[in-house]
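Novice: Each chain, written out:
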Amino acid sequence: MIDAKKIQFLNGKARQIRRQILTMVHRANSGHVGGSLGAADIVVALYYEAMRHNPKNPRWPERDRFILSKGHCAPVLYATLADCGYFAEEDLEGFRRPGSHLQGHPNHTKTPGLDASTGTLGLGLSTAAGMALGAKMHGQSQYYYTLCGDGELQEGQIWEAALFCNKYKLDNLIGFIDRNYLQTDGNSEDVMPLDPLLPKWQAFGWNAFEIDGNDIAQILDAISQAKNTRGRPTMIVARTVKGKGVPFMENVASWHGTPPNDGEYNMAMEALADGI
Amino acid sequence: MEFKQTRQGYVDALIELASELPNLVVLDSDVAKATKTCDFEKLFPKRFFNCGTQEQNLMSVAAGLALEGFIPFPTTFAAFAATRASDQVRNSIAYPKANVKIGATHGGITTGGDGASHQINEDIAIMRSFPNMTVLVPGDYEEARLATRAAAYSTGPVYLRFGRDTYPVVPEIHGKFEIGKAKLLVDGKDVTIVTTGIMASEGIKAAAYLRNESISARVIHMPTVKPLDTEALLRAAKETRGIVTAEEHSIIGGLGEAVAGFLAETEHRVRVRRVGVKDVFGESGQAQELLDKYGLRGTDIAREARRILAGNSNAH
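Heads up: the protein sequence lines correspond to chains A and B, in order.
FYI, the numbering for the first sequence is 20 to 295, going by my numbering.
FYI, the numbering for the second sequence is 30 to 345, going by my numbering.
Just so you know, the hints here were simulated from the structure itself, not pulled from any lab data.
BS3-like cross-link-like pairs, simulated, lysine-lysine; straight-line CA separation at most 30 angstroms: (1) A:LYS188 with B:LYS75; (2) A:LYS129 with B:LYS126; (3) B:LYS75 with A:LYS155.
Derived CB-CB ranges, DEER-like: (4) B:THR184 with A:ASN247: 36 to 42 angstroms; (5) A:ALA292 with B:SER146: 58 to 64 angstroms; (6) A:ARG71 with B:SER146: 46 to 52 angstroms; (7) A:VAL210 with B:GLY185: 35 to 41 angstroms; (8) B:GLU260 with A:VAL271: 55 to 61 angstroms; (9) B:GLY81 with A:PHE228: 24 to 30 angstroms; (10) B:GLY81 with A:ARG71: 31 to 37 angstroms; (11) A:LYS186 with B:GLU49: 26 to 32 angstroms; (12) A:ASP240 with B:GLY185: 39 to 45 angstroms; (13) A:GLY158 with B:ALA63: 29 to 35 angstroms; (14) A:ALA107 with B:GLY324: 58 to 64 angstroms; (15) B:GLY81 with A:PRO131: 33 to 39 angstroms.
Glycine included, each C-beta is placed from N, C-alpha and C at the ideal position.
Modelling step: build the complete structure from the supplied sequences, incorporating the hints.
Specialist: So, in structure tokens, the structure goes:
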């Protein structure tokens with residue numbers, strides 16, 4: 020078990036990151052707020068607890084890597100990287116603005132701390148697979164974490180990568196699916212059904228199981244379980260609430276890619292003020 | 030005349046390079062027997078990864094390997110590399126400047142019997158439009174070998190295009206291979222023929238036909254379509270009366286448009302005519318028949334040169 024103090028600290032970090040996400044997207048008047056809020060607990064659990072990394076040495080070869088396959092949720096990653104110290108917090112003000120290193124979708128050649136570039140959906144899992152394969156060839160022991168959207172799983176390339184990771188027994192790859200059931204055009208089960216999702220990954224040879232992706236203790240336990248699995252890649256189907264933490268945004272598909280106006284921003288920041 | 034495969038030049042180079050570059054790895058997508066990477070696999074099974082018939086994953090996995098310090102050569106047919114996996118080449122490789130060298134075989138119309146779905150006359154256009162991408166189109170076995178070596182020792186994304194058929198060995202294009210540098214094959218002062226890929230041999234033939242008519246044609250070969258050797262083009266524009274480009278590719282977006290586009294923005298008022306596939310899909314047939322039918326011969330190049338010199342560039 021992870022001690023309660025640590026969980027409390029991580030929950031506080033997640034709240035802080037959520038506030039930063041809202042501020043970035045509101046300031047830019049552009050960006051993806053719903054998915055970023057929903058995935059905040061996973062990204063916080065990784066960067067503040069599970070991953071070995073060093074902001075003072077962003078290219079440390081044996082660091083754990085994180086590949087945000089659902090690249091549109093860049094705000095949650097940028098807010099976290101800035102808070103970890105990879106770059107100045109003021110840089111977040113440039114998000115989606117000309118001249119900034121913070122592109123709408125991650126480009127690792129521009130932003131310190133990013134491990135891979137992602138953008139168009141379906142590419143990140145394959146990139147993570149190539150990286151994880153490379154680490155195995157080097158005989159290195161770090162882990163490769165990736166976060167895919169559930170809507171992203173409708174891309175054919177995801178299933179190409181699923182076959183590939185199984186073939187090469189990439190047990191150093193730990194994937195999360197941000198399973199919030201919502202995508203741009205509505206409920207995933209209406210747009211293009213994905214359920215039953217877990218058996219699909221299991222049938223592809225993965226160590227796959229489901230957790231509450233907004234519960235940091237469950238996220239950390241899941242990572243431990245993944246690390247104890249040898250010879251197979253792990254896919255954690257993380258049930259999340261899109262827009263988590265802001266009641267009027269929760270489970271509403273239209274908050275996928277719409278920035279909040281001033282009134283909505285203030286309401287959202289109030290909702291996230293509790294406990295600070 | 031000796032004929033050899035350009036794809037064999039590619040794989041022979043990979044085998045040589047394997048001992049020089051311990052981080053070089055090769056990936057294929059279930060066409061290893063056709064691309065010839067099976068020869069590499071036999072010698073270096075631990076440095077070879079068969080992705081099955083999944084060209085998209087192939088390109089993104091290669092990008093991931095490059096991030097870990099490897100020099101990956103994802104290999105597939107040019108039609109699949111450039112179109113099926115175009116998004117992956119653009120976003121996983123070109124945009125983040127991944128050190129990936131794409132080995133694309135079965136480029137152009139000489140893919141032959143498989144027909145238009147597997148021939149590709151659009152790949153150079155697609156690849157050269159991506160920022161950061163170097164595009165190499167070698168003309169024979171030896172140049173394919175040298176281009177592959179140069180790609181391996183360069184930094185950043187490279188698209189290497191080879192053919193399926195056997196092609197004439199062209200001693201004039203051998204020797205030092207430098208990315209971005211054209212090779213002067215035949216000197217001349219009346220008109221310039223600019224070739225890429227397997228059209229080098231046809232360009233040399235065209236110059237010979239023209240010589241019989243007392244026309245002095247210069248032939249320069251550009252195995253690098255991007256970046257263009259603009260100095261060689263400027264000299265040609267200054268010293269000769271016009272330029273004929275020749276490529277086993279569509280006249281849209283390939284060498285011809287690259288050359289014409291560059292020269293149009295210089296002070297030189299020089300005529301350019303393009304020999305290539307004329308905005309049509311190919312069809313099944315033997316490579317040599319298709320080169321005849323689609324107008325990719327020395328006679329076609331010579332005809333365009335005469336048109337330039339006659340000054341009636343609109344005549345058909």
